[in-house]
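There are 2 protein chains.
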Amino acid sequence: MTPKTSKQNLKHVVIVGGGFGGLRAARRLAKAPVCITLIDRNNYHLFQPLLYQVATAGVSPTDVAYPLRSIFRRQKNLVYQMAEVTRVDLNNRRLETTNGSLDYDYLILAVGGETNYFGLESVAVNAFGLKGLEDASPIRDHLLHLFERAALVNDPLIRQALLTFVVVGGGPTGVEMAGAISELIRLVLTKDFPNQDFSHSRVLLLEATDRLLAAMPAGLGQATQKALKKKGVEVRFGAAVGSFDGRTVNLSGGEAISTHTLIWAAGVRSAALVDTLGLPQAAQRRVRVEPTLQLPGHPEVYVIGDAAYLEDENKAPLPMVAPVAMQQGEHAADNLVQALNEQPQISFHYHDPGTMATIGRNQAVAWIGPLQLHGFLAWVTWLVVHIFQLIGFRNRLLVLINWAWDYFFYDRAVRLISPTEPTFSPQKIEQGQF
Amino acid sequence: MTPKTSKQNLKHVVIVGGGFGGLRAARRLAKAPVCITLIDRNNYHLFQPLLYQVATAGVSPTDVAYPLRSIFRRQKNLVYQMAEVTRVDLNNRRLETTNGSLDYDYLILAVGGETNYFGLESVAVNAFGLKGLEDASPIRDHLLHLFERAALVNDPLIRQALLTFVVVGGGPTGVEMAGAISELIRLVLTKDFPNQDFSHSRVLLLEATDRLLAAMPAGLGQATQKALKKKGVEVRFGAAVGSFDGRTVNLSGGEAISTHTLIWAAGVRSAALVDTLGLPQAAQRRVRVEPTLQLPGHPEVYVIGDAAYLEDENKAPLPMVAPVAMQQGEHAADNLVQALNEQPQISFHYHDPGTMATIGRNQAVAWIGPLQLHGFLAWVTWLVVHIFQLIGFRNRLLVLINWAWDYFFYDRAVRLISPTEPTFSPQKIEQGQF
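Listed in order, the protein sequences are those of chains A and B.
Quick note on our numbering: the first sequence kicks off at 1 and runs consecutively.
Quick note on our numbering: the second sequence kicks off at 1 and runs consecutively.
Keep in mind that a hint or two might mislead.
Same chains, same names: a pair is fine if it fits in one copy or spans any two.
[Stated by the list, open to error] In silico DSSO-like cross-links for lysine-lysine, where the CA-CA straight-line distance does not exceed 27 Å:
no.: 1; residue 1: LYS11; residue 2: LYS191
no.: 2; residue 1: LYS76; residue 2: LYS31
no.: 3; residue 1: LYS231; residue 2: LYS191
no.: 4; residue 1: LYS11; residue 2: LYS76
no.: 5; residue 1: LYS11; residue 2: LYS31
no.: 6; residue 1: LYS191; residue 2: LYS229
no.: 7; residue 1: LYS230; residue 2: LYS76
no.: 8; residue 1: LYS31; residue 2: LYS229
no.: 9; residue 1: LYS230; residue 2: LYS315
no.: 10; residue 1: LYS191; residue 2: LYS226
No lab work stands behind these hints, which were simulated from the structure alone.
The following block holds chain A by itself, in its conformation from the complex:
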């Protein structure tokens, strides 16, 4: 199966994945003399940096997901196909997908990452990840449900377990998630449940090492820790999770924490599709690529973003973050055009635009070149940057309204529990059957 545009004898470029990397690559090729097929199993591009806000009822799923067909409406040389790629056949330059097979002349693999549970089976089964909408909406439903449950239970131990929330991983996602849950409870739900005492609810942030935001300067990690503490988050260092059966988190040190909520933000790895390449991988399943982003031995294949392993000038692996994926997407597109024109391939160099993490209302940390910001100014910076990165004027406007409302009225927009969730019974809670 080949798209209609390929009849013009143009080279067929297939881009797998409509995330940050795939999107940039596709746009950069808008004027190239190629026909492009972009494949994604979802019909939307997801703005992952705000996923934790979906999970904590701050914004609606539709505010952070934008239809791929909308994005590419005006790009004449591209067709979008909703499908999942199941295998890459490098030798025959062919993909197997849930829609049948698809031949390519050039391939850009931008398959992104998935949650990495490091082989902890019980955690993989019972914890929440935070990589897609399929994670975030269930977390929202789950959190709100637990408070409805807690309101009906008198046993203090059961109540305590219902109101204990454990986030694992002291990177930006874990920090943002822990801060957002704590604010959801203290600023919003205490008002929603005026007859309930939630003062004993706990939000724990577990980090296996001895610092937060390890990618940032130590001072910002300390500022983050202080800000989280002020927001009521208990930060625990040297805390490695051993198992979670849905009711108890067991730490490697022997401690057990009764909770129904474990949110795992402690690791990512490349999506499983790269295993079908049969090529050498680095840590986190990432495929080793040439400095030109090409696959060794397959110059017609570019791998970018979370799925690609490349080191910077200091021999440190490039991080699995959106700016790397975006810059590599454009670079792979440029190299592809170079190849079309029989020009030499160019090595990729990452330009770090800085990193940020928000800790909640009025609090963030940012590291931009020589600048280290924390507090209100960093928070405003974070807000502006994220609003402007959101695709589509409408999405920006709606998210801005939601945020302004939350900010001024200490409210959350999206406190819906999806109607498919089964109703629960306190008897079952007492008996531990839920």
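Chain A is fixed; fit chain B onto it per the hints.
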């Protein structure tokens, strides 16, 4: 289990259902010397009149659903409980719920309606209803999925079946749904799929009688029919559905229509809970109530809205519509206060505020007292009325932005396919396995 406030020796009023009727009753009792428990299985009040817009990607689920705890934050004499009532024990004045039992002194049953398939089992299993969010979001996913599927299929018969959409029922919901699907296709999806020819897609509106909007004057029904035709909807009269297996709709007359989409807007009935009352019912499972809205023999129980059967001055049953439920909610609350004060009960009289239905962009019909409007003016009226009825300033603002955007850019906001939906394969489509 009784709420904390009942310790003050106040009468305990239980309101079952947070729809239009229950909400009005609860608010009307805000200053009454009672303690109120409002029970609903969902944690939100649903603005049902815009549900068809959720189903056709016009607005987000969160735009039409508002958390009940938010609504009642400031009402000190009310606690909300998320639970499903499974039985009413009239003799012991007790409810059985998924949270255990709950005693009442006064009961207001505002359980609302559900889709009525009139015993057509195959339709109940394979068609979509349109009463809750659990109906609307799956319709949106389904519709958008079918277009993604059709884009991958060449067989003209299979394509035709994928692109045929059947709506049953010529009341306001059916009219609105058929118009909205047609506009979604013609104004939005044709732009999303620039390489696809969707001109042979069909939207059918089947009505068993010989007219649309039977509750309105005949002239408005004819205007509606004309407007739908202009929008590409095929209206079929005297068309009664016999069965639907998910692939073929069989009409009673013998005709078969190949389609994967049947949306049933042809009937409602009271929610099943009223069966547990063991009392005489009228058509559509509605419970016969006194003119005071009390249950015969149980003056402490009021039944309102879709669940109640009462006739107007002309011996015609009051319709199952939101204005009846809202007026009855306030009336039941007032009668309850009369009872508390040992004053006589007052009979309910319905004041018809008029009815409206929108047929899509720039087109609606409205019947308000002596006024019969159709076309643009009716559409603007419809827009203003519905915007102002939406609960919460934020919801109003967000919906208005979505609508303005759709209107000026011929776009739809919410074209997301939920990520839980399984991906599909054209092989399966060809083999009829999906």
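So, going through the hints one by one against the coordinates:
1. Taking the shortest Cα distances, LYS11 and LYS191 sit within 27 Å of each other only across copies (25 Å), while inside one copy they are farther apart (60 Å).
2. Proximity of LYS76 and LYS31 under a CA criterion of 27 Å is satisfied intra-copy only: 9 Å inside one chain copy versus 63 Å between copies.
3. Only within a single protomer do LYS231 and LYS191 lie at most 27 Å apart by alpha-carbon distance; the minimum there is 17 Å, versus 47 Å between protomers.
4. Proximity of LYS11 and LYS76 under a CA criterion of 27 Å is satisfied intra-copy only: 15 Å inside one chain copy versus 69 Å between copies.
5. In this homomeric assembly, LYS11 and LYS31 come within 27 Å of each other (Cα to Cα) only inside a single copy, at 13 Å, whereas the closest approach across copies is 73 Å.
6. Taking the closest pair of Cα atoms, LYS191 and LYS229 come within 27 Å of each other only inside a single copy of the chain (22 Å); across copies the shortest separation is 50 Å, beyond that limit.
7. Within a single copy, LYS230 and LYS76 get their C-alpha atoms no closer than 52 Å, and across copies no closer than 31 Å, so neither meets the 27 Å cut-off.
8. For the identical chains of this complex, LYS31 and LYS229 are neighbours neither inside a copy (51 Å) nor across copies (41 Å), given an alpha-carbon limit of 27 Å.
9. In this assembly of identical chains, the alpha carbons of LYS230 and LYS315 never lie at most 27 Å apart, being 38 Å within a copy and 66 Å across copies at closest.
10. For the homomeric pair LYS191 and LYS226, the shortest alpha-carbon distance inside one copy (25 Å) is at most 27 Å, but the shortest distance between copies (51 Å) is not.
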